[in-house]
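Novice: Residue numbers (the working numbering), protein chains in the order written: chain A, 2 to 320; chain B, -14 to 234.
Don't take each hint at face value.
What the simulated footprint calls covered on chain B by chain A, stretch by stretch (three residues with Cβ under 8 angstroms from a Cβ of chain A suffice, anywhere in the stretch; the number is not a length) [what the hints assert, rightly or not]:
1) 68 to 77
2) 210 to 218
Pairs of lysine to any residue residues, derived as SDA-like cross-links and limited to a Cα-Cα distance of at most 20 angstroms, are as follows [unchecked claim]:
3) B/LYS231 with A/GLN78
4) B/LYS231 with A/THR14
5) B/LYS231 with B/ARG67
6) A/LYS295 with A/LYS230
7) B/LYS231 with B/GLU65
8) B/LYS231 with A/ILE61
9) A/LYS295 with A/LYS231
10) A/LYS230 with A/TYR258
11) B/LYS231 with A/SER15
12) B/LYS231 with A/THR76
13) B/LYS231 with B/PRO82
14) B/LYS231 with A/THR12
15) A/LYS81 with B/LEU220
16) A/LYS81 with B/PRO82
17) B/LYS231 with A/ASP244
18) A/LYS81 with B/GLN78
19) B/LYS231 with A/GLY77
20) A/LYS295 with A/ARG285
21) B/LYS231 with A/PHE13
22) A/LYS231 with A/HIS278
23) A/LYS81 with B/MET(-14)
24) A/LYS230 with A/ASP305
25) B/LYS231 with A/ALA80
26) B/LYS231 with A/ALA65
27) A/LYS81 with B/TRP80
28) A/LYS260 with A/ASP300
29) A/LYS81 with B/MET178
30) A/LYS81 with B/GLU72
31) A/LYS81 with A/LEU69
32) B/LYS231 with B/LEU220
33) A/LYS28 with A/GLU5
34) B/LYS231 with B/ASP37
35) B/LYS231 with A/THR51
36) A/LYS81 with B/ARG230
37) A/LYS81 with B/LEU232
38) B/LYS231 with A/THR312
39) B/LYS231 with A/ASP74
40) B/LYS231 with A/THR64
Everything labelled a hint here was simulated from the structure, so no lab data went into it.
Each residue gets a CB set at the ideal place from its N, CA and C atoms; glycine is no exception.
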Amino acid sequence: MIIEAHGLKKTFTSRSRKGPKTVEAVKGVDLSVESGEIFGVLGPNGAGKTTTVRMLATLIPPTAGTALIAGYDVTGQPAKVRENIGYVGQAGGVDENAPGREGLVLAARIGGMSRRQAQARSEELMAAFSLTDLADRPIRTLSGGQKRRFALAVGLVNRPPLFFLDEPTTGLDPQNRANLWDEVRDLRRQGTSILLTTHYLEEADALCDRLVIIDHGLVVTEGSPGELKKEVAGDVVTLRLGDDARIGQELLAAQPYIKEVQPEEDTLRAYLDDGEHNLPLLLRALTERGLSLKSISLDRATLDDVFLRHTGRSLRDAA
Amino acid sequence: MLRQTTLFLGYELRNTLRNPIWPLFGLLQPVLYLLLFAPLVANTAAGGSQADTLLQFTPGVMMMIALFGSLFVGFGMISEIRNGYLERLAVSQTWRPAIVLGRTLRDMIVLVVQALLLVALAWAMGLRASVPGLALMLLLMAATGLLASGLSYGMALALRDENGMSQIMQFFALPLILLTGIMLPMSLAPDWMQAIAQFNPLYHAVEAGRALFAGDFSNGSIPLAFALTLALGALTMAWSVSSMRKLAG
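Could you put together the complete structure from these sequences and hints?
Specialist: See the structure below:
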C-alpha cells in the first residue's frame, strides 16, 4: 500500500463581516492505493479532489483523519513523505522566468544530486518528454502543453515512487492529452504509482486501474472502471418522451430486461444488458402503449452513468 | 542548509544575469537624482560646493536604492505563489528558509553592485569620500537591503495581493523619504520633525552614511545604525521565513 488514508477531513474557516464561515471541503475520505497502480479521483469541480491531494502531498494539514504515504505519516513525518513523492499541481508550478533546463537542474540538486548527476538526469528527462529543443527558452514563452511537460519532468526528477497529478490534462488540447496519457502509462510501466484527479470521465476510464468517485467531499463509490460500469449495466438507452415521461418511466421499469430507469430532466435513461437485442422489444412496448418518442439512442454505459446512479445527477451538469 | 541556500542564490543570480537590464534600469532613478538634484541642492542656501553636496547627498541616494530597490522584490513572489512554483518547492526536499535566504542574498549582491556603480558616478562628479567609510557604507547598505527584502517577501507571502502591497508601500514611501533626510538634511527641519525622525531607523542609517563618508568614525550614529538595521533585518527575515514555512503544512 503506497497510500493509506482513513477519515480524511478538511474544514476551511473564512472570516467575513458576518462572522466566521466554515466550509467542509472534505468530509471523511478513505483511500487505499496499491504500489504500481494508476489511481483516479474522479468528481465534479468543487467535490474536494484538490483538497484531498493537497492533504496527501503535505501541502495542507488535515482537520481530522490519518494518511500514510509510503508508510510515513503526512502530519508526523512530512519530510519523509516529501522524499517519496512528486507533485504537479493544477497551475504547473514551474518558474516562468527561467529556462526549463535551469529549473530541472535546480530541482534535481535540491533532491541531493551532484551537479553532474543533475545535468545528466535533466537531459534524460527532457529527451523523454521531447523538450530538448526547448531547454534554453524561458518557460513563459512556451505553450500550455510544453509547460505541462516541463512540470511533469520537474516532478519526476528525483524518481519518486509516488506521483501526484492534480487535473493534469485540464486545458490541454486532445493531442496533448493523449500524449500525456501515454506518458503516465509509461511511468506506471517503470513502477511509479500515480494518483491523479480529474473531472473527465474518459480520462478516468481510459487511464485508471482503480478509482474513487467523490462528490461533496465524500467517496461515493470505488472500484475499477470496468467493475463500476458493470454495477449499472452494459448499455444505456436514452429516450425523450415529452409529456408522457412519467408513464414511460413506469412502463420501462416494468420490462424484465431493464435493470434500472433514471429520469434526468426531460429524458429517461434505461439501463440494460445486450442493448442491441433488447432495443426492438423496448420500442414495441412503447408503441403498444401508444407513447410517442421524440428521440432515442443506445450507448455503452460510461462512468457518468455510475455517477448518475450514485448522486442522482450527471457529472456533466454537476458544476 | 548552506548548500541549499547557495543553490538558490546561484539560481537566482543566473536569473538576474540573464536579464541584467532591470537592475540597471532600477539604477536610473538614483542616477538622475545625483545628476539633477545634487546641483540643485548645491545652489540653495543649505548647500556648499558640489563636492560638499555630494558628500551629503550620495549616502542618502545609496540608502534610497537599498530601501526602494529591495522593497519591490516581493512582487515577483506573488506571481510565484499563484502559479504554484513556491507550492511545488514546498513539497520538495527544500529546506524552506533557503528559498527566502537565497533570494535575499541575491538582492544584497545586486544592491552592492548598484551602489558601486553609483559611487563611481558620484566620484566622477567630484565626490571625495573616506574609502574605509565607503566600504562600511556598503555593508550598512547590504544590511538595509536585508531589512527591506525581508519586509517585502514577508508582505508578499502574507498579503498575496499586488494591489494591497503597492498601496501599503505608497503609503510608507513619502514619510520615509522625507523623514530620513535623504533629500535635504534633517537639520533644516523644524524640531518636531527632527524628533519624529529619531524613531525612523533609516534616518540613523543615512546619518551614519554621512558620517562614514566624512571619515567621522567616532560618530555615535554609526553603531546605532548598524545595530538597528541588523536587528530589524533579522526580524523581517524571521517573519518572511516563517511565512514561507506556513505556505505548506
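Novice: Could you check the structure against the hints above and give me the numbers of any it violates, in ascending order?
Specialist: 2, 6, 9, 15, 17, 29, 34, 38
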